[in-house]
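*Asks:* One letter stands for each residue in the lines below.
There are 2 protein chains.
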Amino acid sequence: MLPFARVSLIGMGLIGASLARAIRLRMPTVRLTVHDADPAVCARVTALALADDVTDTAAAAVIDADLVILCVPVRAMGGIAAAIAPELSAGCIVSDVGSVKAAVLADLRAALPAQVHIVPAHPVAGTEQSGPDAGFATLFDGRWCILTPDDDTDAGAVVQVAAFWEGLGARTQVMTPVHHDLVLAVTSHLPHLIAYTIVGTASDLEDVTRSEVIKYSAGGFRDFTRIAASDPTMWRDVFLSNKDAVLEVLQRFSEDLSALQRAIRWGDGETLHALFTRTRAVRRTIVDAGQDTAAADFGRASS
Amino acid sequence: MLPFARVSLIGMGLIGASLARAIRLRMPTVRLTVHDADPAVCARVTALALADDVTDTAAAAVIDADLVILCVPVRAMGGIAAAIAPELSAGCIVSDVGSVKAAVLADLRAALPAQVHIVPAHPVAGTEQSGPDAGFATLFDGRWCILTPDDDTDAGAVVQVAAFWEGLGARTQVMTPVHHDLVLAVTSHLPHLIAYTIVGTASDLEDVTRSEVIKYSAGGFRDFTRIAASDPTMWRDVFLSNKDAVLEVLQRFSEDLSALQRAIRWGDGETLHALFTRTRAVRRTIVDAGQDTAAADFGRASS
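Protein chains in written order, with the numbering used here: chain A, 62 to 364; chain B, 62 to 364.
Please keep in mind that the hints were generated in silico from the structure rather than gathered at the bench. Only a predicted model underlies this, so the values are computations on that prediction, with no experimental measurement involved. The beta carbon of each residue, even a glycine, is placed where N, CA and C say it ideally should be. Wrong hints could be hidden among the right ones.
[Stated by the list, open to error] Here are some chain B residues pointing at chain A (derived, C-beta under 10 Å):
{"hint": "1", "residue": "T90"}
{"hint": "2", "residue": "C103"}
{"hint": "3", "residue": "F285"}
[To be verified] So these bits of chain A aren't anywhere near chain B, every CB distance computed over 10 Å:
{"hint": "4", "residue": "R67"}
{"hint": "5", "residue": "P174"}
{"hint": "6", "residue": "T214"}
{"hint": "7", "residue": "A290"}
{"hint": "8", "residue": "G360"}
Whenever a hint applies, use it, and build me the whole structure from the sequences.
*Replies:* Below is the structure:
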């Protein structure tokens, strides 16, 4: 039994397009209607045959839908919600895929009518690439999708959205929006901020040329460039919408970095070795949990 | 024409074992003698048939060698050099693979007799794994090996060592030890320090469990855990031996991070978006330069 018969996706970037492909593959009887604000993206989605219908407006895409998923940058959610509100059927479920949940839930509540169910969600998956061509059907396989209802959310709607994501290969977990935002601040937002920073720092040195940074990037730097190549608009919105949690974990990171800086300055090899031994074990746990490959160097082609 | 007939490797970790395998593959007529301070590693090297001879002492391994390469943590180089000094033939070339060059060159000069040629080298390649079983013959393919002779180094010896590395598939570049240490501080040492720090920070939060960090690591965190799983002793030595350059680039990184922190606090989306757009281009350049895969997500198995 499929939890939904008519699904609408608004926004056909990496996540929207991957969702469309996954639905096509795993739930072929679902009637899928999509919209993207960029006409070029809509044309590409049509060419790729990712949906049954591609509409000119967001509002037109949600008519008769029983599940609507907003796949746009988090600060665009409120505007889209306001645009689709008049066309939503009573009892329809509106969800999203944003990396920030408290701010998005507030925006959706403010814009949507009381007779629709709001079930915010966040599939913790992605790549550094963007746009409909970057999407692929197996993106969510074995990944976690976090649902963040609040006390006002209909429990049956949460069960349906969880069943939907599990049908696409994901595992699901329910937590509060505030806790989600703190967990993701450390597992996703801080890593992106650090990666963006270090790539910027390396590009700005006077005594080391850009060409040298590129040539010798296999020493470690290149690992950071992958997530620093992620979509700029999406990530700007994440940092502005999850300000408090990001600043909190950033403060802790800075303190820890200062402690290591001090250990280097004073030649305290024991402190360094103790931390490096502890962090090695974390990698093993992630591989054991099925959240990364065990192959050396991420299994990059050369090794 | 092979540049060397008898090669000795001291230290059979990831780099030493990869060198042995690459020499076996690309220079099968070379007589290869190796030593490791750990008897268990020597036994494993024998079982894997990585060399013609495995000796009980470092000194015994270098008798009659025309090239000796030290593949040990950078702060162990001086002690090994002193141990092998009495057995080195006149005219022998002594090289190394350390990630720090000025300190190692000073240690080698202090320990070695004047009639051997010292040609420090650093192949910018590796994985997060350690030990002889982690080595593989293609590790250096298309990677850069930096040679850091000083004004006293025999030019012919430098040419020979460059030919050796090129014969193993690497590209070579000559620069001063001090410049090397600055370039690697930004392309390798700082990224490792940051990765170790953030993995430590994430492990120490009270409000986010270790299990949550692991489960949701696909949001970006897992990329950092790879290099934070690198050998603790090797990296402790790198930071202690390249203190000045590491502290210099770390200071710049901290300043840049403070600027981003301020932009987030004050809601300055333009500053964030401008940086994120700039960093995206760096990734493209690294892929174009053949220093990383173009496949999404490093080509991890799931995508």
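*Asks:* Which earlier hints turn out false for this structure, listed by number in ascending order?
*Replies:* The structure breaks hints 1, 2, 7, 8; every other hint is satisfied.
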